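Protein chains in written order, with our numbering: chain A, 1 to 458; chain B, 1001 to 1458.
These are computed hints drawn from the structure, not numbers from a lab. Note that this is a predicted model, so its numbers are computed, not measured. Please note: incorrect hints may appear among the correct ones.
[Stated by the list, open to error] Just so you have them, the derived chain A footprint on chain B, three or more residues with Cβ under 8 Å: (1) 1040 to 1049; (2) 1103 to 1110; (3) 1171 to 1183; (4) 1296 to 1305.
[Stated by the list, open to error] Examples of chain A residues lying across from chain B (beta carbon under 8 Å, computed): (5) N57; (6) P92; (7) A234; (8) G304; (9) H428.
All C-beta atoms in this analysis are idealised placements derived from N, C-alpha and C, irrespective of residue type, glycine included.
Protein chains: 2
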Amino acid sequence: MNEKVLDYVKNNQDRFLAELFDWLRIPSVSALPEHNGDVRRAGEWVVSKLQAIGFENVGLKETTGHPAVYGDWLHAPGKPTILVYGHYDVQPVDPIEKWHSNPFEPVVKDGFIYGRGTSDDKGQVATHLFALESILKVTGRLPCNVKVFIEGEEEGGTGGTADFVTANRDLLACDAVAISDTGWYSPDLPTIVYALRGLAYFHVDVFGPDRDLHSGSYGGMLQNPLNAVAKIIAALQDADGRITIPGYYDDVVELTELERAEFRKVESPEDQVAREIGVPVLWGEKGFSAIERNWARPSFDVNGIWGGFSGEGAKTVIAAEGGFKVSSRLVAGQDPEKVAVQFKDHIERVCPPGVRVKVTYLHGATPVMVPVDSPFITAGQNAIEKTFGKRPVLVREGASIPITATFLTELKAPSIMVGYGLLEDNIHSPDEKFKLSHFQKGIECGVVLYEEFASVSR
Amino acid sequence: MNEKVLDYVKNNQDRFLAELFDWLRIPSVSALPEHNGDVRRAGEWVVSKLQAIGFENVGLKETTGHPAVYGDWLHAPGKPTILVYGHYDVQPVDPIEKWHSNPFEPVVKDGFIYGRGTSDDKGQVATHLFALESILKVTGRLPCNVKVFIEGEEEGGTGGTADFVTANRDLLACDAVAISDTGWYSPDLPTIVYALRGLAYFHVDVFGPDRDLHSGSYGGMLQNPLNAVAKIIAALQDADGRITIPGYYDDVVELTELERAEFRKVESPEDQVAREIGVPVLWGEKGFSAIERNWARPSFDVNGIWGGFSGEGAKTVIAAEGGFKVSSRLVAGQDPEKVAVQFKDHIERVCPPGVRVKVTYLHGATPVMVPVDSPFITAGQNAIEKTFGKRPVLVREGASIPITATFLTELKAPSIMVGYGLLEDNIHSPDEKFKLSHFQKGIECGVVLYEEFASVSR
């Protein structure tokens, strides 16, 4: 059966590309209000496509921001339900003068499709749409239940769409989410991202005297609020790079040997990374490699610090107050709300005498992790290996994709990140591109992927 | 002999006040270029006065800033030479609308002379000029050698005048400097300031990656420069408020029991001081009272701190660099140049791995202290006690008066700070005033003071 579908894919590649080009030509820049109409048109393109290939309940869903597209095909009783998530909005094109072709007039050159949204994310979403079309056209049905949910404001933070997910749990209920919005480590190194870190972000104010004081007339009498800022921060991390907050690591899910072995397949030499970012040497929690620390260990970063005099020369002042922004990236097992309480309590505890401290929890994001032995992960690995001939490495990322946390907390569904981008794709930059063969084989891979998903027992 | 001189003082008080008023009417605001001519006129007033009372070698001395006035009377062989220092420039009058009378039209009201420069410093300098006049007119000579040196840019930092001192060591050579530019603790509590702190001021840059990094993509991999800023600062002071730099206290001259007993006569309850400056509790080096810490112990104050994001909300950034300004007030025995080396070495030593640090020594000031058993101090105490009926308490100050360090290093001369101001004098503020009886008795005190100085054996 797959063979016929894959033949259909092969025979329709030129048309698929032409259809993608039509979609890419719509400048759906969600950040710029003057493109609001274009954003909606790009959503309507998805609506038409889903209707054309036989999806049901298809339509634009209004959110407090840009609308999302929804459509489903739910005629595989007993089979898993997969939510396909992606986004049809794109980044602004500035600096436009650095582009070598019109960002909204896609062209193929040297094996790459050039244009805004080619890799991030229309080109990757399109692999799913054309795979679904191919399966339905050839077989009349899908091997599993599929809900397509493509949002229009990912580049602006997904705010209204996340609220929509929370308010529409039944509509979006599923067993797993399939996302193609990530990339490979190199053209020879496909990867599947199975975990993303969360975040807890704080604003801390430290108050001293009720006015700035002269450091001669008062220096030595009182706790200087800026000295106190430093003491508080320094009291939160030890010389081994560990966060000193009691209980902070209690909920952290420890790395397995299998995970560490996977990471070693993709990690760069640490002196090379140090050179790339311009530091004398990498540094962090003892006992973990740089990539392990970034992907699988909580971090502790001061994001801003301020107070007193920062101009030219000298001012002999004791500032009335100072402050800092600090955040901790969280890993699987950690709950941002619990961390927020731990942080606040600890900062109040270590605040030195003579000043007052106010800790404000600005926001949090839940870390997400799909167990590496999840059958949905295996399904993704199988599909890529069967299509591209290489079994993908299982990796994590140090950053967050907030919508995956929403899917986890609201839908209780793991996100399977099967992406086809490359590091060199220039996403968010001029000359964004997407490898043509990855687009074409991505459609084939999608065909296999839904077959693999269908074989997961519920 | 003194009786006749003091009679002369009493008989001429009205004229003295009228002459002072003429001087106060000249708006010699050194900070404002439009008053440059007034500043010079105020200096010329001193020149005329010194010539009129019989001083020699009188004239304006040009500096790189405003001119200073010099004049001498050196006909007391074998007797000490006293340099009388003060300043004839004044602070700006802003906010002018808060004054209850014209700052440059002095008036007497409720026992105070109101006007800019009354207390800081024309009114206090005038006590010396009228005392010298009285002695010379009645006796035809002075009991000791006197050089008068009144500068015109004290309110702007004394820059050109300090250079003038350095370049004219022979002209200004003396055994002691008499300064009336300080105040009493209360109308019942005359004080003599015998020590001022010095200063070493630093600018510190901490460099991390060569660009701002995303805290998700890199957090945990590297030493965050802002975390490092905090770690460096925290490593410079321990929980007992002591500076941790090796050898830092080696040169500090320890307080004597006599000094501590003097301080106790003037110190306010610490909870009252805490309330006045708005902090929950005072804090500092263990084993010393607040006033002892401020006057007689080196302090360690971060004067400014910066780096990264300080706007509204959250930005998940690892800043490429951060920095801070830090200064230490120094006490007798400490050498700013030596401290500068200690600071630099220690900061480089405690700088955590993964970042680079650059320490810039911005400037220093030498601490000054006159031994409390100096006969010139005793002379000042005697003069005040004989005139006002109360023996002055010996105090220090936490701040610096840079010119006193210059007198010490360049002329090897101690500065005897015999002032007649009060805390309520509103110096640098609207409604500056000077107690009329302090002006009048200050002239009498000057008469006694030169007599006392004369009795100090060289």
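Verification of the supplied hints:
no.: 1; hint: 1040 to 1049; verdict: violated (count 0)
no.: 2; hint: 1103 to 1110; verdict: violated (count 0)
no.: 3; hint: 1171 to 1183; verdict: violated (count 0)
no.: 4; hint: 1296 to 1305; verdict: holds (count 9)
no.: 5; hint: N57; verdict: 35 Å, violated
no.: 6; hint: P92; verdict: 18 Å, violated
no.: 7; hint: A234; verdict: 3 Å, holds
no.: 8; hint: G304; verdict: 4 Å, holds
no.: 9; hint: H428; verdict: 11 Å, violated
In the structure shown, a violation is registered for the earlier hints numbered 1, 2, 3, 5, 6 and 9, in ascending order.
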